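Participant: Each chain is listed here by its residues.
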Amino acid sequence: MGDEQFHQLVAEYGGRVLAIARRVCGSDDAALDVHQEVFLALWKRRRSFTAPVNWNAYLYRTTVRKALEYVHKQRKEKMLDPEYEKTLSAGDDPDDSARAAELLGRLREALRKLPRHQAQVFILARLEGMDYPQIAKIVGCSESTARVHLHRALRHLAHLMRDVLEREPV
Amino acid sequence: MNHKHIQDNLAAYVLGELDSAAAEQIRTHLSDCADCRRAAEEMQNILRTAERMKEEPLDASLAALARRRLDETLRRLPSASLSDRLSHPLLRYAAAAVILAGALLALHILGPQTLPDRRSLTADTQQTAEDAAGASQNELEQAAQAFRKQDIRTLARLLQSKHEPTRLAAADYLAQIGDASVLPTLDTLAREWTGSGENPYAKAARTIRNRLAEPAD
Chain W
1 MGDEQFHQLV
11 AEYGGRVLAI
21 ARRVCGSDDA
31 ALDVHQEVFL
41 ALWKRRRSFT
51 APVNWNAYLY
61 RTTVRKALEY
71 VHKQRKEKML
81 DPEYEKTLSA
91 GDDPDDSARA
101 AELLGRLREA
111 LRKLPRHQAQ
121 VFILARLEGM
131 DYPQIAKIVG
141 CSESTARVHL
151 HRALRHLAHL
161 MRDVLEREPV
Chain D
1 MNHKHIQDNL
11 AAYVLGELDS
21 AAAEQIRTHL
31 SDCADCRRAA
41 EEMQNILRTA
51 ERMKEEPLDA
61 SLAALARRRL
71 DETLRRLPSA
81 SLSDRLSHPL
91 LRYAAAAVIL
101 AGALLALHIL
111 GPQTLPDRRS
121 LTADTQQTAE
131 DAAGASQNEL
141 EQAAQAFRKQ
151 DIRTLARLLQ
161 SKHEPTRLAA
171 ADYLAQIGDA
181 SVLPTLDTLA
191 REWTGSGENP
201 YAKAARTIRN
211 RLAEPAD
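Chains as they are written, first to last, in the numbering used here: chain W, 1 to 170; chain D, 1 to 217.
Straight line, CA to CA, 25 Å or less: simulated BS3-like cross-link-like pairs of lysine-lysine:
#1 W/K113 to D/K54
#2 W/K73 to W/K113
#3 W/K73 to D/K149
Treat the hints as calculated values from the structure; they're not laboratory data. Fair warning: this is a prediction, and the values are worked out from it, not measured in the lab.
I would like the entire structure built from these sequences, with the hints used as guidance.
Facilitator: Pasting the structure below:
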């Protein structure tokens, strides 16, 4: 891959990479870091890199993977700013706010624990709003397999978050 | 539908993927089964939480900032480092062959005692260049992170890195922050600068001094 093609990719897909990283990670700083990681990795390997048939799919998969790794690493280091997630809830009640923030944090953490394809499909379906044919192309599976992954992801997430979900709903 | 069948179809029901007849069967079951009702509510709660994640606003300026950061990092990477130039496998082999031929020639001319003992010159040379590029890259990422957090202490430490790209990045970031405490280090680096063009450390020090001299709002 030439330098020019690299810069074209950044121009074409940079915004999408940033948006998905922002949703998965939950902060601007994290999104900037993931954006940088995705494209720097590509830059370093550009001379020996065999271009994928579908850049869109490749970058979606890579971004989701790196964003989930980032969430895991940050959670582990307890560096995510809890104040940020508190601002995401629309509710005025501080209890609702805290619970909404807790749910968001737990969902991000739980996504990291799902099998890779389940996490990818859930993120593409529920955070990116894609339908099964689009998801199938990106993940590289059939539409019916994508559907099964999404159903399993939902059940798996409910299981992983049961302790927090069992409390009163927001 | 029996209880097991309902459980298997609960995710599809919550996602709104069932036809009206199947959905009605599930609804009827849920009105009688507390366990399945709770399971459905948990899944709905997850979907609501995901919806909140989806609706989180993306700052319009973030894309421009991301692009600028990436460009800055790429600009500060060691340009055409050995690691970069040798990234193609064939070039690596070619470079290794050239170095090996040189080593054999030296061995032939000078005798075996003049060569390093039992060490692979090609591997060492390449590894050293890669280590240096990797270390420098890590520091550049640290510098970018420190800048975002306005962490002057880390940037001041990176200003004394042995890697030139790191020092330049740290100087640039510190100039943007404008903290007087790093001026002595910048002045020292400016005096030691031997590169061509404008002295970047002197420029950073000047920017900070100008900023400090500006009247406060």
